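Student: Listed below, chain by chain, are the residues.
There are 2 protein chains.
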Amino acid sequence: MSSEKNRKEIVFEVAKRAVLAARAMTRVSAGEKNRALNKVADFLDEKSEDIIFRNGIDVEAAREDSLAEPLIDRLVLDAGRIKSMTDGIREVAELEDPVGEIIQESVRPNGLRIRKVRVPLGVIAMIYESRPNVTGDSAALCLKSSNAVILRGGSEALNSNLAVAHYIREALADTAVPPDAVQVIDDTDREIVKHLVSMKGLVDVVIPRGSEAMINAVSSASLVPVIGHGKGLCHIYVDSSADPEKAVEITRNAKVQRPGVCNAVETLLIHSEAAEKILPEICRRLREDSVELVGDEKARKICPEMGEAADEDWSAEYLSLKLSVKVVSSLEEAVDHIERYGSRHSDCIIAEDTCACDNFLRSVDSSCVYANASTRFTDGAQMGLGAEIGISNQKLHARGPMGLTELTTYKYHMLGNGQIRR
Amino acid sequence: MSSEKNRKEIVFEVAKRAVLAARAMTRVSAGEKNRALNKVADFLDEKSEDIIFRNGIDVEAAREDSLAEPLIDRLVLDAGRIKSMTDGIREVAELEDPVGEIIQESVRPNGLRIRKVRVPLGVIAMIYESRPNVTGDSAALCLKSSNAVILRGGSEALNSNLAVAHYIREALADTAVPPDAVQVIDDTDREIVKHLVSMKGLVDVVIPRGSEAMINAVSSASLVPVIGHGKGLCHIYVDSSADPEKAVEITRNAKVQRPGVCNAVETLLIHSEAAEKILPEICRRLREDSVELVGDEKARKICPEMGEAADEDWSAEYLSLKLSVKVVSSLEEAVDHIERYGSRHSDCIIAEDTCACDNFLRSVDSSCVYANASTRFTDGAQMGLGAEIGISNQKLHARGPMGLTELTTYKYHMLGNGQIRR
Chain A
48 MSSEKNRKEI VFEVAKRAVL AARAMTRVSA GEKNRALNKV ADFLDEKSED IIFRNGIDVE
108 AAREDSLAEP LIDRLVLDAG RIKSMTDGIR EVAELEDPVG EIIQESVRPN GLRIRKVRVP
168 LGVIAMIYES RPNVTGDSAA LCLKSSNAVI LRGGSEALNS NLAVAHYIRE ALADTAVPPD
228 AVQVIDDTDR EIVKHLVSMK GLVDVVIPRG SEAMINAVSS ASLVPVIGHG KGLCHIYVDS
288 SADPEKAVEI TRNAKVQRPG VCNAVETLLI HSEAAEKILP EICRRLREDS VELVGDEKAR
348 KICPEMGEAA DEDWSAEYLS LKLSVKVVSS LEEAVDHIER YGSRHSDCII AEDTCACDNF
408 LRSVDSSCVY ANASTRFTDG AQMGLGAEIG ISNQKLHARG PMGLTELTTY KYHMLGNGQI
468 RR
Chain B
48 MSSEKNRKEI VFEVAKRAVL AARAMTRVSA GEKNRALNKV ADFLDEKSED IIFRNGIDVE
108 AAREDSLAEP LIDRLVLDAG RIKSMTDGIR EVAELEDPVG EIIQESVRPN GLRIRKVRVP
168 LGVIAMIYES RPNVTGDSAA LCLKSSNAVI LRGGSEALNS NLAVAHYIRE ALADTAVPPD
228 AVQVIDDTDR EIVKHLVSMK GLVDVVIPRG SEAMINAVSS ASLVPVIGHG KGLCHIYVDS
288 SADPEKAVEI TRNAKVQRPG VCNAVETLLI HSEAAEKILP EICRRLREDS VELVGDEKAR
348 KICPEMGEAA DEDWSAEYLS LKLSVKVVSS LEEAVDHIER YGSRHSDCII AEDTCACDNF
408 LRSVDSSCVY ANASTRFTDG AQMGLGAEIG ISNQKLHARG PMGLTELTTY KYHMLGNGQI
468 RR
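Just so you know, the protein sequences line up as chains A and B, in that order. Each residue of the first sequence is one higher than the last, beginning at 48 in my numbering. Each residue of the second sequence is one higher than the last, beginning at 48 in my numbering.
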């Protein structure tokens with residue numbers, strides 16, 4: 048009971064410091080932010096040996112706990128990964144500052160000048176799992192957009208996250224950016240998250256990035272608005288008008304090029320007319336790449352070497368070299384399937400018929416709807432939006448890749464010289 | 048138990064019908080939407096006698112329950128109010144259609160064309176209290192932005208809301224807009240709201256509009272993103288550099304012109320140097336308008352006829368002819384007070400010193416920050432944004448007046464001709 052009370056107080060103190068830091072951030076110039084970011088990157092490079100040592104403690108503990116090898120791989124920080132994190136921070140420093148942009152300006156008939164101005168969100172609570180490089184990436188994006196961030200990583204990465212954050216804060220100490228703009232909570236108890244998401248009025252937005260279960264738990268406990276970065280169950284629909292070569296190459300690329308990420312394809316929907324012509328070749332090429340295929344009855348009739356898809360396969364985000372295949376009798380059936388099983392992330396039609404493309408683009412309710420290109424392009428850098436803090440599955444505020452602009456909001460400056468309402 | 052299960056099923060059926068209607072709405076053209084809205088307005092005019100009759104049942108019940116007179120006044124629909132509702136619906140038909148706008152377009156080096164396109168949110172659940180004209184206003188704004196809306200008004204207005212919605216749906220029956228795009232839930236049990244806000248995947252956004260307690264209850268129960276429209280505790284800060292005439296006129300207008308609304312001022316903060324010079328005149332004029340004044344010790348020294356402000360006064364949204372007054376020793380003290388007690392709605396500085404104005408505009412974290420104008424201009428129509436569904440107090444997605452544009456989101460059309468990622 049008393050330790051519970053202490054936890055709440057600890058989170059409250061962290062949140063209050065973040066509020067003060069966020070307020071101070073509104074006075075830091077773009078040049079000062081960029082200098083601070085470059086200093087952070089240099090200092091993390093300088094301290095990389097110690098970060099790798101601290102990370103080793105986490106990795107060893109994970110091995111002792113027999114964590115699965117892919118999870119351990121996500122956890123590891125080596126010289127290359129630290130370099131890529133610090134290069135990323137330097138790239139963020141190069142990006143244009145979104146804060147202060149005048150989005151719209153108008154003068155009303157009574158002379159009142161209304162400016163819609165881009166401002167920081169304020170205090171961002173970031174809740175994530177495993178990968179400790181997220182600590183550096185998120186801190187850089189939040190600082191560049193003049194926010195204060197409270198980081199809550201996974202318990203398995205605690206030593207790594209604390210080390211990275213410690214050196215970020217040390218580097219900030221003699222810059223214009225207050226060190227409290229980046230805080231890591233060092234208590235890994237689950238109750239911490241519950242307290243953090245109830246700090247309405249102090250925390251402005253919660254960004255959970257991880258499993259669907261984690262995001263749902265955060266959403267249902269939160270009094271603060273949440274932007275969830277979750278599941279990617281992406282579909283490719285091959286229309287009867289599809290170009291066979293594009294169908295093969297795009298499906299292969301979307302499945303094989305990097306299967307463990309959220310914008311990889313998990314389900315292939317193929318029109319019955321196209322299935323006869325193209326499916327055998329798609330299957331042949333995917334098997335060459337060691338992709339395991341499971342299909343419905345119609346798909347297995349055409350490619351009998353395919354396994355049988357169970358009901359669960361349509362809801363499965365494999366994140367591995369596995370693909371489910373379903374033959375559909377119309378574009379509408381494909382759209383219905385995507386609506387039922389998809390995650391509103393990235394879905395693609397392959398078709399030469401422009402009417403079919405337009406229909407698909409309008410009907411599919413996902414953040415990125417593709418015609419004739421690999422779903423792997425759903426990515427802030429690939430889309431020219433700069434670095435991203437994640438990919439939002441929701442419709443409010445930020446949809447798809449969430450970059451610097453999406454880490455801001457706006458306010459109205461109402462500039463008068465005595466206007467009153469009649 | 049079984050009735051609870053039935054409630055959940057009822058809400059689920061309503062939500063499913065809304066999803067189908069929302070999908071159909073993506074195929075309705077701007078012209079068809081406008082024709083439907085005008086038809087709705089005409090039909091509500093035609094049926095106004097019956098609506099007034101049904102409203103009378105609610106008003107009579109409210110009188111029997113001894114509801115407070117201002118609440119009964121909010122409940123009443125007479126010929127004038129119905130006319131103003133239907134005129135509002137016709138004005139919404141005249142507004143530009145936000146849906147389909149290409150917000151940004153770029154072509155990547157690999158030839159992939161990326162279009163950021165404005166699309167409807169989908170299914171909006173609107174939870175509100177008392178005023179039955181909100182039923183017509185909200186339905187019109189949601190339809191015009193191609194959304195489907197589920198309306199849940201207060202139990203005291205049930206007959207009125209059902210009548211308005213019934214005639215809206217009847218009017219829609221032979222238009223291109225599906226009647227299920229506007230649904231009212233006729234069960235007033237509180238559990239209904241709980242089920243409604245847990246329909247993640249079916250309901251896209253919940254808009255509660257009413258008391259702070261109601262909004263907090265909805266937020267904490269909701270699995271769906273919430274945009275709260277709540278409290279307006281607005282401040283005016285009179286700087287030492289203020290023009291006395293502006294200070295008097297703006298304060299008077301912001302308090303007296305319509306005291307019962309969220310953009311009226313509730314607290315006057317005045318710099319000690321200005322207080323000596325200007326406060327007596329402000330008080331004299333406000334008393335002429337029958338405003339009750341309560342102040343801190345310093346304010347009462349200057350205007351002894353003022354009552355004593357209690358701690359609760361700084362947090363009070365009076366919504367009546369009452370104003371709290373506090374003398375501050377600096378702009379920073381005013382900003383701190385606003386941060387502590389304000390509702391991030393509308394706050395104003397009165398100052399001739401442009402540095403002071405800039406400092407206030409940057410430091411105060413509210414949706415509308417004013418320099419030298421009445422806070423009463425925080426309003427969609429006054430700001431030139433068209434009709435509004437409410438005024439958002441939160442920072443995500445929509446801040447301040449929420450009009451047609453804020454009832455939309457975007458998606459990316461990713462248009463390729465075979466692009467794959469290397």
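Please note that the accuracy of each hint is not assured.
Same chains, same label: a pair holds when it works inside one copy or across any pair of copies.
[Unchecked claim] Calculated pairs, EDC-like style, for lysine to aspartate or glutamate (alpha carbon to alpha carbon, straight line, at most 16 Å):
{"id": "1", "residue 1": "K247", "residue 2": "E399"}
{"id": "2", "residue 1": "K130", "residue 2": "E93"}
{"id": "3", "residue 1": "K94", "residue 2": "E217"}
Hints were generated in silico from the structure; no laboratory data involved. Remember, predicted model here, so these are calculated numbers, not experimental data.
Student: For each hint, tell me whether it holds in the structure or not.
Tutor: For each hint, the structure was consulted:
1. K247 - E399: Neither, since 50 Å and 35 Å both go past 16 Å.
2. K130 - E93: within (10 Å within a copy, 71 Å between copies)
3. K94 - E217: within (11 Å within a copy, 70 Å between copies)
Checked against the numbered hints given earlier, the structure breaks only hint 1 and satisfies all the rest.
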